[in-house]
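Enquirer: According to numbering that gives the first Met the number 0, the sequence shown holds residues 0 to 424 in order.
Some hints could be false.
Unchecked claim - Derived CB-CB ranges, DEER-like:
(1) R152 with R271: 42 to 48 Å
(2) D222 with G116: 45 to 51 Å
(3) I404 with D338: 27 to 33 Å
(4) P260 with T93: 42 to 48 Å
(5) D269 with R92: 40 to 46 Å
(6) G403 with H115: 34 to 40 Å
(7) P379 with D292: 35 to 41 Å
(8) D222 with R127: 36 to 42 Å
(9) S413 with G119: 38 to 44 Å
(10) D315 with A415: 42 to 48 Å
(11) T121 with D315: 36 to 42 Å
Calculated from the structure, these hints are not laboratory results.
All C-beta atoms, glycine included, are put in the ideal place defined by N, C-alpha and C.
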Amino acid sequence: MTLRAHHRAPSAAVLALALTLALPFVTAADAAAAAGGAGTAAPPERAASTSDPAQAAAPSTKPGAARERLTIPRPSGPYAVGRDTLHLVDRSRTDPWQPQAGARELMVSAYYPARHGTGGRTVPYMTRREAEALLEGQDLAGKVPVETVTSVRTNARTDARPVRGRRPLVVLSPGFTLQRTTLTVLAEELAARGYVVAVVDHAWESFGTSFPGGRVTTCAACDAVEEAPDGEGSRAVLAKVASGRSADVSFLIDELTGPRPAWRHARMIDRRSIGVAGHSIGGNSAARLMADDERVRAGVNLDGTFFSPVPEEGLDRRPFLMMGTAAGHSPGGVDGTWDEAWERFDGWRRWLTVEGSGHFTFNDLPVLAGQLGMTDPDTPLPGDRSGQITRAYTGAFFDRHLRGIPQPLLRGPSPANPEVRFHRP
0 MTLRAHHRAP SAAVLALALT LALPFVTAAD AAAAAGGAGT AAPPERAAST
50 SDPAQAAAPS TKPGAARERL TIPRPSGPYA VGRDTLHLVD RSRTDPWQPQ
100 AGARELMVSA YYPARHGTGG RTVPYMTRRE AEALLEGQDL AGKVPVETVT
150 SVRTNARTDA RPVRGRRPLV VLSPGFTLQR TTLTVLAEEL AARGYVVAVV
200 DHAWESFGTS FPGGRVTTCA ACDAVEEAPD GEGSRAVLAK VASGRSADVS
250 FLIDELTGPR PAWRHARMID RRSIGVAGHS IGGNSAARLM ADDERVRAGV
300 NLDGTFFSPV PEEGLDRRPF LMMGTAAGHS PGGVDGTWDE AWERFDGWRR
350 WLTVEGSGHF TFNDLPVLAG QLGMTDPDTP LPGDRSGQIT RAYTGAFFDR
400 HLRGIPQPLL RGPSPANPEV RFHRP
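Work out the full structure: start from the sequences and follow the hints.
Expert: Right under this line is the structure:
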């Protein structure tokens, strides 16, 4: 798998399938044809917003399926889920990708365990401007209705009343070019289990992220990767992405746990119990953050290459979970950075791979596609299993290491999850 295919866009064949799965009204022929084939901003002050994220789902191989509205699966935890949206500005840093834009900006979806029967409408999956940017980025503008991308039904509600008590905080970081919404399944699951979950859009690192006032940042970091002179140059840029995201999340933790918190429900957060997880480059940034910020107690990498390596001295014996594809992230495989990282982890550690999985297995896309019975023949793991496995093992990891709850699931292979293999190289 090439660097570009793994971290910016899949191959033409995979992209065609992904678009067909993700965008219900586009035909397979249109998606295949498209597979071949905005804005700067001065940041305003920190503010709350109602905008939010990321991709969506699915065309159809059965009658009437094109009119179905896809849904994020109902979480398994005992709580309802609320969600707020935050706009944060770090005035201590200039944006690394667009210095002329000024200070570094983040958009954050804050999920939290809520009381059943409270709150308003369910929150939107993705803004229209973000959907338009995604379609334009994939050369599908005018070919796929934007409403297909924006209409996925979520479970979280606006203005839901939070449950009582202090709760662990988990920060989630998405894959390169992808908006934070692609981790909605995992975010809602963790919130329903009793966590506060902050999912981050890092400005200028996705095809399109909406900010207050109608501004949309595009993927300047993608241009930097593409303009690198060779593979080593591209890897250096991606290492910069991971390191920059570490700084982003440290700032976010400051804003959520400091003396003047940016979020109205910040009192819910247990400052002594903070974890981080991410998909793809977001998984690399999870390890980078743990190396940089001692407040973070536990981390998860979901199928991400360690462009920014784990320090030789380890992570001060803090626990780390690596979970990825069997094809790409088995010991001794194509991504040697996992072998190196494994040797450097100096605390509790697990290395899991999932048979039949693909790079997108660990975000929302296959879950939504699976509702129409569609899978990629090269990565045949069903969509519902993709979501179940990701939620089960990530949730178990944080339950053990942030809440101290024993988790037999993490001890070794389980008959309930035959696709998951434990490695101890």
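Enquirer: So, for every hint listed, does it hold in this structure?
Expert: Checked hints:
1. R152 with R271: 42 to 48 Å: Since the Cβ atoms of R152 and R271 sit about 36 Å apart, the hinted range of 42 to 48 Å is violated.
2. D222 with G116: 45 to 51 Å: The hint (45 to 51 Å, Cβ to Cβ) holds, given that D222 and G116 are roughly 47 Å apart.
3. I404 with D338: 27 to 33 Å: 30 Å, holds
4. P260 with T93: 42 to 48 Å: 24 Å Cβ-Cβ, so the 42 to 48 Å window is violated.
5. D269 with R92: 40 to 46 Å: 27 Å, violated
6. G403 with H115: 34 to 40 Å: 26 Å, violated
7. P379 with D292: 35 to 41 Å: Given range 35 to 41 Å: holds, Cβ gap about 39 Å.
8. D222 with R127: 36 to 42 Å: Hint violated: Cβ distance 24 Å, outside 36 to 42 Å.
9. S413 with G119: 38 to 44 Å: For S413 and G119 the Cβ distance comes to about 39 Å; the hint holds.
10. D315 with A415: 42 to 48 Å: 33 Å, violated
11. T121 with D315: 36 to 42 Å: For D315 against T121, whose Cβ atoms are near 40 Å apart, the range 36 to 42 Å holds.
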